[in-house]
Amino acid sequence: MTTAVLSSTAPEMPFLALSGISKRFGGTVALDAIEWSVERGEVHCLVGENGSGKSTLIKILAGVHAPDTGGTISVEGVPHAALTPHQAKSLGIQVIFQDLSLFPNLTVLENIAIDLELGSPFRPPPQHAMRQAAQEALARLEADLPLDARVGTLPVAQRQIVAICRGLAVNARVLFMDEPTSSLTRHEVELLLETVRRLKAQGVAVVFVSHRLEEVVEIAERVTVLRDGRKVGTFAAAEVNDHRLAELMTGETIEHTVNARVLAERHPTLEVRHATREGEFEDVSLVLHQGEILGLIGLLGAGRTELALALFGMTPLESGEIRLDGAPLRLRSNQDAITAGIAYVSEDRLSLGLNLRQSIAENISISVLDRLGNSLGLVAPRRRNELATSWVTRLGIRAANVGAPVQTLSGGNQQRVVLSKWLATGPKVLILDSPTVGVDIKNKQGIYDVVRELAAQGVAILLISDEVPEVYFHCDRVLHMRGGRIAGEFVPGTANEHALSEALYA
Amino acid sequence: MPRAFSVVFGRTETALAAAILIAAVILSLSSPYFLTLPNFVNLIEAYSVTTVLAAGVFVVLVSGGIDISFAATASATQYLAAYLATSYGFPAVPALALAAALGVAMGSINALLTYYLRVVSIIVTIATSSIYYALLIYLTNATEIYNLPDWWSNRFAFVRYVTASDDVVKITLPIVVMVAAVVLTQYLMAHTRIGRQVYALGGNPEAASRIGINVLGVQLLAYGYLGFLAAVAGFIQAGRVHQAVPTAMAGQELNVLAVAILGGASLVGGIGSMGGVVLGVLFLAMLQNGLNLLGVSPYFFGVVIGLAILISISMTGYAEKHARRRHVARAS
Chain A
1 MTTAVLSSTA PEMPFLALSG ISKRFGGTVA LDAIEWSVER GEVHCLVGEN
51 GSGKSTLIKI LAGVHAPDTG GTISVEGVPH AALTPHQAKS LGIQVIFQDL
101 SLFPNLTVLE NIAIDLELGS PFRPPPQHAM RQAAQEALAR LEADLPLDAR
151 VGTLPVAQRQ IVAICRGLAV NARVLFMDEP TSSLTRHEVE LLLETVRRLK
201 AQGVAVVFVS HRLEEVVEIA ERVTVLRDGR KVGTFAAAEV NDHRLAELMT
251 GETIEHTVNA RVLAERHPTL EVRHATREGE FEDVSLVLHQ GEILGLIGLL
301 GAGRTELALA LFGMTPLESG EIRLDGAPLR LRSNQDAITA GIAYVSEDRL
351 SLGLNLRQSI AENISISVLD RLGNSLGLVA PRRRNELATS WVTRLGIRAA
401 NVGAPVQTLS GGNQQRVVLS KWLATGPKVL ILDSPTVGVD IKNKQGIYDV
451 VRELAAQGVA ILLISDEVPE VYFHCDRVLH MRGGRIAGEF VPGTANEHAL
501 SEALYA
Chain B
507 MPRAFSVVFG RTETALAAAI LIAAVILSLS SPYFLTLPNF VNLIEAYSVT
557 TVLAAGVFVV LVSGGIDISF AATASATQYL AAYLATSYGF PAVPALALAA
607 ALGVAMGSIN ALLTYYLRVV SIIVTIATSS IYYALLIYLT NATEIYNLPD
657 WWSNRFAFVR YVTASDDVVK ITLPIVVMVA AVVLTQYLMA HTRIGRQVYA
707 LGGNPEAASR IGINVLGVQL LAYGYLGFLA AVAGFIQAGR VHQAVPTAMA
757 GQELNVLAVA ILGGASLVGG IGSMGGVVLG VLFLAMLQNG LNLLGVSPYF
807 FGVVIGLAIL ISISMTGYAE KHARRRHVAR AS
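Which chain is which? The protein sequence lines are A and B, in order. The letter at position 480 of the first sequence is residue 480 when you use our numbering, and the numbering goes up by one with no holes. The letter at position 19 of the second sequence is residue 525 when you use our numbering, and the numbering goes up by one with no holes.
Just so you know, the hints here were simulated from the structure itself, not pulled from any lab data. Backbone N, C-alpha and C fix where the C-beta goes; we use that ideal spot for every residue, glycine too. There could be a bad hint or two in this list.
[Claimed, not checked] Okay, the calculated beta carbon distance ranges per label pair:
#: 1; chain 1: A; residue 1: Ala-157; chain 2: B; residue 2: Tyr-539; range: 36 to 44 Å
#: 2; chain 1: B; residue 1: Tyr-539; chain 2: A; residue 2: Val-156; range: 52 to 60 Å
#: 3; chain 1: A; residue 1: Arg-266; chain 2: B; residue 2: Leu-816; range: 48 to 56 Å
[Stated by the list, open to error] Quick look at which bits of chain B chain A covers, simulated, 3 or more residues with Cβ under 8 Å:
#: 4; segment: 694-700
#: 5; segment: 705-713
#: 6; segment: 716-728
[To be verified] Here are a few chain B residues that sit away from chain A, every Cβ distance over 12 Å (derived from the structure):
#: 7; residue: Pro-538
#: 8; residue: Leu-543
#: 9; residue: Ile-550
#: 10; residue: Ala-603
#: 11; residue: Asn-647
#: 12; residue: Asp-673
#: 13; residue: Ile-777
Start from the sequences and build out the full structure, keeping to the hints where you can.
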């Protein structure tokens with residue numbers, strides 16, 4: 001009741017206002033005295049690098065974390081020291097996490113109206129009310145989804161609609177969307193923006209939480225930048241561009257230059273001809289030259305990772321052939337690939353690339369144990385440590401010593417340990433799958449430097465990515481993959497960056 | 507009502523139903539006794555204990571957990587009821603009620619340990635299973651109880667029917683209890699809010715806690731319910747063999763899990779139906795009975811169970827792989 005009175009007497013008051021919100025985890029300050037507000041029906045972007053505090057902030061608003069005492073969260077003018085998940089929801093604050101938090105095994109209807117299945121545990125679910133709530137939420141977005149389809153069978157874009165509808169079904173007033181566009185095509189992004197416009201028209205505020213904002217900036221009114229747990233500032237969206245934002249996010253001036261080189265001697269190291277695996281990729285042909293950095297760009301599901309796995313011998317080609325240094329190569333397993341001189345640094349370095357509990361030295365030496373061993377196959381710790389130390393020095397890995405467990409390192413340094421592990425095998429071809437995912441802008445630069453140095457030493461590099469700037473500024477040539485096929489080739493500098501994004505998101 | 511059918515029966519269940527039909531046709535052609543009423547009713551009674559346990563295990567599997575201590579729970583509760591009835595002359599209702607309460611408590615211990623220790627439930631229940639069995643044998647000196655009271659060991663028939671060929675067919679207590687357990691479980695899982703929460707928790711535990719599902723409460727329900735059904739199963743089993751033995755149910759764990767998995771319950775949680783589990787029981791029961799009638803050695807039966815599980819799981823795996831490939835092709 002109080003809220004209604006307050007909001008009608010003070011219509012200019014923001015819907016949500018934070019004052020002096022701080023959060024410490026142990027010794028580290030995740031958020032430092034944040035002052036921030038979201039207006040009714042506003043579209044707002046909250047940007048910052050990994051570790052800038054944006055996820056902590058939304059978790060505080062969702063009631064997952066309690067802020068340190070001293071700050072207030074005001075919703076329609078009513079101050080709260082902290083929110084519980086239940087309070088946040090009943091005040092109209094809804095967070096759509098990046099993973100969408102849906103239940104793949106349940107139907108669209110049940111996912112949207114799951115709130116009506118909480119409470120009174122032994123009563124039957126209110127079938128009728130649930131159906132009505134789901135239909136109403138879908139109608140508000142003018143979305144047409146089969147209510148009885150299992151969510152696990154829907155494409156990502158439709159799952160996102162389901163997640164938004166779940167928020168609407170419990171009467172969301174402000175919707176936080178964490179990295180909503182990261183796995184959408186351009187067309188799907190447009191549908192999402194259309195949805196956001198509808199929400200705005202209905203007085204629902206939307207906050208995009210992201211590390212980039214090319215796509216959403218066109219409908220956002222304001223942008224707030226966080227860096228190292230502090231608010232850098234809130235800007236009118238029209239005032240800032242991508243470049244300016246990157247500087248605000250990192251606090252550094254970033255020089256973007258095209259690094260594409262024209263290689264004088266074009267010795268083809270890896271050739272792929274008409275490679276096909278049904279349902280994954282089709283008729284893929286490419287040539288990767290010695291010392292070249294070849295970008296392979298495509299959206300999630302375009303078949304780029306599947307192709308990489310086949311080139312690394314993890315899955316057999318159904319037809320087509322691979323040639324290495326001119327000779328045909330048959331890969332029955334990744335052992336064959338490693339022996340032939342093909343190395344692969346996976347997208348998910350944490351689960352596939354490293355044994356986090358083992359030391360840096362153990363991780364780096366694992367792929368070359370055969371070579372390090374003596375005649376009995378025993379590996380002297382001293383030899384292992386020498387090898388690791390040389391790579392730690394060459395790649396500038398920041399660690400106390402090579403005996404430190406990998407999990408004690410930062411993301412960027414972990415990534416370099418993975419690189420070292422493969423470089424120790426002396427590869428001819430290095431496949432890097434999204435090497436900078438989850439790495440800060442600052443550390444990204446370090447990784448690009450390493451990649452360029454390797455290329456200069458003659459390693460042929462296939463750089464797989466879904467970020468246009470990454471391949472545009474750091475590759476010599478870029479192949480665009482779509483629907484399992486190579487859809488186009490770009491030479492950075494000759495073609496411009498915009499053309500590449502247009503092709504990717506078309 | 508195709509929708510209702512697809513909710514009760516997923517793809518695995520449909521395949522299983524087809525397999526059962528085929529097996530039934532083959533067996534009835536090979537053995538004239540197979541498709542007779544007495545054989546069928548005997549078969550159902552013989553599998554009543556397995557079915558009641560499988561209904562409980564199914565609930566835990568859907569919640570995303572696994573519990574193998576139910577056999578120990580069934581033995582312990584059965585023994586407690588028998589001990590109270592024979593040594594203290596407890597009448598049926600209080601003896602069984604106390605035993606059921608013990609079953610719920612033993613199940614709840616599994617839920618609490620899984621929740622608070624944040625350890626996978628299979629490890630927790632391997633440990634509690636060992637503890638429960640050892641405690642039971644230690645406390646009872648492995649003494650068997652033979653003199654069960656009449657209300658327990660007499661075979662009470664709800665329906666008695668004499669066939670044309672002079673065979674007596676009896677619908678006995680185990681069959682009635684089994685049907686009740688199946689109906690109750692189906693109602694709980696498909697038609698109550700907490701049942702739907704069990705599915706949600708199994709489908710995505712992180713999301714379940716984010717949207718405000720009481721994770722501990724749901725787990726207490728799932729494991730406690732299994733504990734309760736284990737007590738029920740223990741009671742039926744003792745009645746059928748006229749004795750309570752501390753190790754009565756040892757070795758049942760894998761059979762029961764096999765039935766639930768064959769019926770389409772997923773080991774990762776969130777998937778499965780009571781109808782499927784019943785089909786799983788039916789399938790195994792028919793196979794075993796058919797092999798018996800055909801004179802195949804009972805020692806060979808383990809091989810058949812193992813093969814059935816392998817075939818069923820590889821079929822599911824194959825279907826998923828293809829679904830994923832189709833998805834990749836469509837998304838791009």
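Against the structure, the hints:
A C-beta distance of roughly 58 Å is found between Ala-157/A and Tyr-539/B, which places it outside the suggested range of 36 to 44 Å. Distance hint check: the CB atoms of Tyr-539/B and Val-156/A are about 56 Å apart, consistent with the given range 52 to 60 Å. Restraint check, Arg-266/A to Leu-816/B: a C-beta distance of roughly 52 Å satisfies the suggested window 48 to 56 Å. Counting residues of the segment 694-700 of chain B whose CB lies closer than 8 Å to any CB of chain A gives 4, so the stated coverage by that chain holds, three being the minimum.
Look at the segment 705-713 of chain B against chain A: 7 of its residues bring a Cβ nearer than 8 Å to a Cβ of that chain, three or more, so the hint holds. Against chain A, the segment 716-728 of chain B contributes 6 residues with a C-beta closer than 8 Å to a partner C-beta. That satisfies the three-residue criterion, and the hint holds. With a least beta-carbon separation of about 44 Å from chain A, Pro-538/B lies farther than 12 Å from that chain, consistent with its non-interface assignment. At the 12 Å boundary, the C-beta of Leu-543/B stays outside the reach of chain A, the nearest C-beta of that chain being 36 Å off.
The non-interface label for Ile-550/B is consistent with chain A: the shortest C-beta to C-beta separation is roughly 29 Å, beyond 12 Å. No beta-carbon of chain A is positioned within 12 Å of the beta-carbon of Ala-603/B; the least distance is around 20 Å. Once the 12 Å rule is applied to beta carbons, Asn-647/B is consistent with being away from chain A; the minimum gap is 41 Å. Non-interface call for Asp-673/B relative to chain A: holds, since the shortest CB-CB distance, roughly 42 Å, exceeds 12 Å.
Some Cβ of chain A comes within 12 Å of the Cβ of Ile-777/B; the nearest lies about 6 Å off, and the non-interface call is violated.
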